[in-house]
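Quick note, the sequences are listed as chains Y and E, same order.
Per the working numbering, the very first residue in the first sequence carries number -6; after that it's consecutive.
Per the working numbering, the very first residue in the second sequence carries number -6; after that it's consecutive.
Careful, some of the hints might be misleading.
Below, simulated BS3-like cross-link-like pairs (lysine-lysine); rule was C-alpha separation at most 27 angstroms, straight line [said to hold, decoys possible]: (1) E:K91 with Y:K644; (2) E:K622 with Y:K622; (3) E:K544 with Y:K622; (4) Y:K637 with E:K622; (5) E:K476 with Y:K622; (6) Y:K334 with E:K644; (7) E:K22 with Y:K644; (8) E:K544 with Y:K692.
Keep in mind that the hints were calculated from the coordinates and are not lab data.
2 protein chains.
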Amino acid sequence: MPQEKVATIDSLEPLLKPRSIAVIGASQKHGTIGNKLFHNILHQEFNGVVYPVNPNTRVVASVKAYPSVLDIPGNVDLAVVIVPAEIVHHVVEQCGQKGVRGIVIISSGFAESGAEGIGRQEKLLEIAHSYGMRLVGPNCMGIINTDPQLNMNATFSSVFPPVGNIALGTQSGALGLAILEYTQNLNIGLSTFVSIGNRADVSNNDLLQYWEKDPATDIILLYLESFGNPRKFARIARSITPTKPIVAVKSGRTTAGSRAATSHTGALATAEVACEALFAQAGVIRVDTLEELFDIANLLSHQPIPSGRRVAILTNGGGPGILTADACAARGLELPAFSDKTLSELKSFLPRRASFTNPIDMTAEAGAEEYSQALKLLAQDKCIDIVIVIFIPPILTQPEAIAAAIREIGPQFRQQGKTLVASFMGWRGASTKLGWEKGYVPCFTFPEATAGAIARACEYGDWLKRAKGVIPTIEGIDKQKAKQVVKAALARSATRPLWLDTASVIGLLGAYGINTVQSKPATTAAEAKKAAEEIGFPVALKLLSDTVIHKTEVGGVILDLNLQSEVERAFTQIRQHLVSIGRENEMQGVIVQKMMSGEIEVIVGVTQDPSLGPLILFGMGGVYTELFKDIIFRIHPLTDIDAKEMIRSVKAYQLLEGWRGAEPSDINALEKLLLRVSAMVEDLPQIVELDLNPVKVLKRNNGYVVVDARVMLA
Amino acid sequence: MPQEKVATIDSLEPLLKPRSIAVIGASQKHGTIGNKLFHNILHQEFNGVVYPVNPNTRVVASVKAYPSVLDIPGNVDLAVVIVPAEIVHHVVEQCGQKGVRGIVIISSGFAESGAEGIGRQEKLLEIAHSYGMRLVGPNCMGIINTDPQLNMNATFSSVFPPVGNIALGTQSGALGLAILEYTQNLNIGLSTFVSIGNRADVSNNDLLQYWEKDPATDIILLYLESFGNPRKFARIARSITPTKPIVAVKSGRTTAGSRAATSHTGALATAEVACEALFAQAGVIRVDTLEELFDIANLLSHQPIPSGRRVAILTNGGGPGILTADACAARGLELPAFSDKTLSELKSFLPRRASFTNPIDMTAEAGAEEYSQALKLLAQDKCIDIVIVIFIPPILTQPEAIAAAIREIGPQFRQQGKTLVASFMGWRGASTKLGWEKGYVPCFTFPEATAGAIARACEYGDWLKRAKGVIPTIEGIDKQKAKQVVKAALARSATRPLWLDTASVIGLLGAYGINTVQSKPATTAAEAKKAAEEIGFPVALKLLSDTVIHKTEVGGVILDLNLQSEVERAFTQIRQHLVSIGRENEMQGVIVQKMMSGEIEVIVGVTQDPSLGPLILFGMGGVYTELFKDIIFRIHPLTDIDAKEMIRSVKAYQLLEGWRGAEPSDINALEKLLLRVSAMVEDLPQIVELDLNPVKVLKRNNGYVVVDARVMLA
């Protein structure tokens, strides 16, 4: 009799903290996964009971085997399934009947292997859900819980990682194997390890919610190849990162190309920028490589988030100190001078040959006593947030003594809320000497690597301190009018998607209080001249066409016209150029615009991510956008803080602030523009693409003017 | 009787290949450097004879000691000195008398420790040179030669590195110790190791010349903190890099500030850009961290320079393959599709679940046979230059078998001139399994790290293939006239350095065939109007002043004047602005210039590096230079290839090529401009700073126009 489906979070408990496990497909045959996995559970001395299930054998690894899970006398919390794909649904059905709560399916041959497999996976999920069972996999390598009360290694890896406060979820089984091997060598302590395989049921999102409440977990590491439900991921991650850091490696950065480039904004938006925006807005720490993943994990699992970026480097050799200082500066960390007190006290016990500017080079003569004294001073120095301590084992000093000195000082740093990391160069006396005790100080193979990890931790620290922002209510929006414009346009044409005509664009932007340049359409040279007269010189003439996208490239933009005669000539010129390339019938006329010159140009846009929804773009205009990619995307909806940060995050932001004595631009108005665009997208989901390009930014208190705008509806 | 000083290169032989060594200051006392060093030589079974020298003991480490080097019965090639600084000169004098050929001074207390030490070091050098002895140190950690015929560990490090083809010179003794430790753990094979300490005599340059001819050395690694004689370094390095790669870590990137910013170009030139230019022009491979140093060393010491950038990734797990592909793409490497032949053959033996796009994921089922077959195909595929093979040890495959397969295929890759690297993830069965045999395939801890090393090797490959260029003879230079201009200016004023007046600047540039904008000076509004009339409208007015550097910032530039009345108003405006800030007496008048608008602006400049001499700058003008630092420096003199490459290396180069359908600019003329500037600097060493800023680049075949120029003489 199928049970009711159980609520999400609690239902991972039987999976990750089972008291009894059935290994279905446990095998007596050496070299098989079924044998290895069962052995691993036994070998790790699982703190519960494990039953081998196999109809073809009576004993596995000296343990009585049962023909089916239904034959097991006791209760079964978790079933680990390693049987051929064709019979998985059969044993899962039996698990349901038995009252099993969680299932890990190691077997492959499901969604990863074509149509037949997809069908098998759907059936499997249906059965599991009908019994309220949660399911990890299929096509995964299993799960680990290092809790000493549990000691569960339900994987086929022979490595049981060190106990620690890091939870790790991986979408690649292969990478999972590799990571487990590294954890041992790099002293990375795990709480839980889950290889999620095909994610038929349990997803990264489920795991995040579990780990959020898991007292054994302080840091969450994820290896992601894709997001199941990115919106949900964003929401859940955002709720967790204020208390537990999430570090993610997201692969496939470069393999995914940019999407079909209908709009300018769309062409700039790759899957990559969407992912970047998602991580940034949710406070997820992103790394590019496994090495960086381990580095930051090592730092965060034992040390406080740095309270600032001021680093002191303490070394017994100049070269490594300078290299580390270089790496710190390259990552935006600061190497401040020390307080007078620290300086004078350092000088009182260090040799004259020592260097007292940051890095402090105590010279090869420095022993444990010098390290200890110097560290004590640095722990107290208010000018310092982080200390990197480097030790090169010279002949006359015992690494063990230095390690002990560092270990001993650890708690003083923690008390002061300061971050302390070490590097014992050359691997001897490295991590093991500092590891696995209270006040653990992470030890890196190369001191330069510390810089990257610290910089990432600092960025996370900034994110924690940052005001969360609100989605403000905006005045002066005529939502009804805007809806009518959109509705009317969609009614006029059956084409989808549909580029909105110029008049509608102006109407739509106007309804959202977005300022567009003064302009009038004209279909003849005479009309153009009249329009120019009304608007006032100088004017610009721009091709009016719903089909020509890059107007400049067909000679469709002529600027800086000061006379009636020039307007007439320009009109003819635009037409003739189109004639010469055989596109004259695409010309609907021209737009006569008030000429704006000398202002800074920016681009604001909207495009759609297939799973994250609308992305909003801000960038410095023209070449800055095109060649330097000086742009930023954020996921809609924007908070006031998002809008502020977007504008300030582009490299050429200084241009807006007033470059070389120029008057500052109206940054405030730009922020409001971004928020208005976000509001418009919120109200009108029919808007799938939008380019405001260029937007001329006027001087402070003068606002901005949208010079060209395109809107696509769907 | 002092000997004649011996020629440079050969004289390092007795230092690095001695048959007999005296350790002066060898000590019986454990824990001392004198004891450790003597023990190291003995312990390594030095293939020659070693004598302890110590007047206070009869035996060191069971070996008869001599009171002084003069008491040694036999010949002594090399003396290693570990006695107090105060008596070093005394024992060195004795070494000279004894006929010792090379000396390594471990003792510190010389130039690194203040005035007294500097004096001691000078005296020391004098004595050594008077006997024609070469000297390493003082204040160093010694030298190693791994040649099995020699087996010399004359350092106080307990690590004797694996034998290999890499020579290593380090300016930091501390880093030397650390590096030796790493060599053992990372299987980096060295030929020679030299800690050069204070470089009183033997410098990096001497070592480069020695290693150039050393048959045991194929790759040279340097850790540099400063250049002794950078011009010599550049010349020597340039002659070596075509046959043996030089890899350098240069520290102090960020600690050295920019020099006194008299000119715009000077403000942009940091010690860092000079060093970057030096390395680039000499073909030296630069790395930032020790880890990168080892990675590239590992690659180059065993594999050919990649003949192209096309990488194939072969893996038994998807995740690591994708991460590596991401890292490759980020470093500008290509991941091409495979040839049809390769594809169809791969499909013939790999499981259907495998992925055949690049990366090839053979899935966890792949064994040695699959690795072997796939690698054979890739060795033959003409679309591929480099293969990265990744192995994650799953339960069912023996790493040893895979390692053997890779080892076996190595020679086939070498035959095809292809580069093969491996990563056995998780460290088990890593480098040791592939190492130290013929056809060695370097094995990286993390596969992503291979991307960085390969990219650097590719850049080096490009450099090898690049035409070396010539310094062309340039027509249309009136050297005599230019010399007169400079001479006259220097005669007119006693100030040094001296900013050249505007007329002289125009004369000087004219003499070198450099086109300046049509312009006339004017001291009154009336003169300015007359000048504008003669030049033709539109014009620009610019403040004429030898003291105001940033004219825009004092309102000293007014553009786009179309009428006489506008010229008059502009003149008054410039004067009034100066009055308002109390600098009216700095106004010598104005320059009336032909107005150039809409052209692309670049900057060309010259500044001096204290040790490398003139640096030549090219950059995209204005904001590109200022905010995006889109600039490049090269060391004078420029070859035709240098000039070409400088222009093409800036990010905004596409603007010059014709952006978005714009007509291309006259790039050819810009190249000539750079060469003319280089010729000018060659002929007139009095020019210490020069800014051509902005230079307006006209359309193809129309040249360029220098709009503003400043020249400083010294």
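Find the hints from earlier in the document that the structure breaks and name them by number, from lowest to highest. 1, 3, 5, 6 and 7
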